[in-house]
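> Let the sequences and hints guide you as you build the complete structure.
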Amino acid sequence: MTYAVEIRDLTYTYPDGTAALAGVDLRVGEGTTFGLLGANGAGKSTLLLHLNGLLNANGAVAIFGEKITRGNVREIRRRLGLVFQDPDDMLFMPRLEDDVAFGPRNLGLAEGEVSERVKEALAAVGLSGQERRSPHHMSLGERRRASLAAALALRPDILVLDEPTANLDGRGRRELAAVLAALGGTQVIASHDLGFVEKLCSEVAVLAAGRVVASGPAEQILADEPLLREHGLV
Amino acid sequence: MRHEFLDKHSERAGPLHRLDARAKTVAVALILLGLNVLRMPPAWLGAAAAGLLLAAVIASRLPLGYVFRRAAVVLPFAVIIGAFLPFTTEGRAVWYPAAFGYGALVTAEGLRLYATVISKAYLSLAYVILLLATTPFRALLRSLAWFRVPAFFLSLLSFTYRYIFVLVDEIERLQRAWTARYFGRRRAAQFRALGPAVGALFVRSYERAERVWAAMLSRGYDPNAV
Ligand SMILES: Nc1ncnc2c1ncn2[C@@H]1O[C@H](COP(=O)(O)OP(=O)(O)OP(=O)(O)O)[C@@H](O)[C@H]1O
Ligand SMILES: [Mg+2]
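So the protein sequences, as listed, match chains H and A.
With the numbering used here applied, the first sequence corresponds to residues 1 to 234, in that order.
With the numbering used here applied, the second sequence corresponds to residues 1001 to 1226, in that order.
One thing to keep in mind: the hints can contain errors.
Here are the computed lysine-lysine pairs in the DSBU-like style, where the Cα-Cα straight-line distance is at most 35 Å [claimed, not checked]:
#1 K1008(A) / K1024(A)
#2 K199(H) / K67(H)
#3 K1024(A) / K199(H)
#4 K199(H) / K119(H)
#5 K119(H) / K67(H)
#6 K119(H) / K1008(A)
Hints in this document: simulated from the structure, not taken from any laboratory.
Here it is in structure tokens:
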């Protein structure tokens, strides 16, 4: 069986000597909504940056059974949509439509196809009709959904989100949860928001100090209070 | 964040907005050439350029202050860089300032040249701002590509356009954090804190720019293509 994401013994040390990942093993099946739990500094963001080759995994990461190489990294970035923790890192154009069109234009699609994708992605996140707004004037909840649309416009096979609910209020979280639930497909959600993960994810892994310390069905892990407490999640 | 983009007004529907970007690029290039090719252009040429600019801004319904106030950012540079001109140009002496036993001769021709240099710089920038305010940046880049401007130069321009907001954002954030804790007076202490603040600005902008770059790569940006 090929997994959507398969990680074997991934280690990573930042240039300043911080050992962020210390031997991570992880498998995400196709069609699974996967929650990656971990306290601040556990290594979630670092792990996600390896999934589309932004940090070099030296063959420790395979996407749909293919190890990431120089040759296939562009194709993998198209198939795996990464939504960054801070939406402002993804939104840098004066108009929302240009931000969402950025990916499709990089694919070299014709303008007609590009605008179709923009429309589709904005509709999926509930931002239809806001094409001409400046992302910098939108609320955080809207920017979160805008950055999600920017990733969706590439029609990825796997959606990877880094702390999608950080700083969102109750309504923002509900709206985002509804959008993600409606999208379906394979999703990896890194978070320490247990309620959000419980609502969306069928499988969960707990990351602590750069290692996976537990993984399994969501009901089982999320019910294990001593485990969650030990790793700073409750 | 409340910063504005360079081509903020470029989506309006004025007569200049409708013009083909290539035509506007050529027109502005010719005007800049005309303004700057002569060392000492006749006064009527400067007046004509200024009049044409004013007419264009009004016809495009751009806010007057937007073009004319922004163009003023070049003045300090022009004033400082040209400051030696009144002293080094030969001509009729009008003033002989002396200080500490040294003296220098200021000539009428020198003063005229100085004024000309400052006006040229101001008008040139104002025309470029007019071009940006009536042409979406993407259209401008496309027209430059049509004129065979090298791809490297175009990438440079588009990066400046995309990344300038990173710097502006970080400046705004720092400024806000700064004013939130500023209680007046104690100027010296403020200035002492300025060094670390500017340092933080550069480190943060740099790290932010790296994350923006990573986000761009994630969405299929190919640094080797244009
Ligand atoms: N650019 C960097 N240089 C050096 N160390 C870093 C860098 N980025 C992260 N780290 C360190 O690596 C470790 C893992 O960080 P990471 O950002 O992956 O954690 P995280 O689980 O995403 O945390 P958070 O919930 O706060 O986002 C931390 O100890 C962090 O200090
Ligand atoms: Mg993180």
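> All hints are to be evaluated individually against the structure, with a verdict given for each.
Hint check:
1. Proposed proximity of K1008(A) and K1024(A) is supported: the alpha carbons are some 17 Å apart, at most 35 Å.
2. A threshold of 35 Å between alpha carbons decides the hint, and for K199(H) with K67(H) the separation of about 31 Å falls inside it, so the pair holds.
3. With a CA separation close to 55 Å, the supplied pair K1024(A) and K199(H) exceeds the 35 Å bound.
4. Pair hint K199(H) plus K119(H) holds up; C-alpha atoms about 28 Å apart against a cutoff of 35 Å.
5. With a C-alpha separation of about 33 Å, the suggested pairing of K119(H) with K67(H) holds against the 35 Å cut-off.
6. The hinted pair formed by K119(H) and K1008(A) meets the criterion: a straight-line CA distance of about 23 Å does not exceed 35 Å.
Hint violations for this structure: number 3 only, all remaining hints satisfied.
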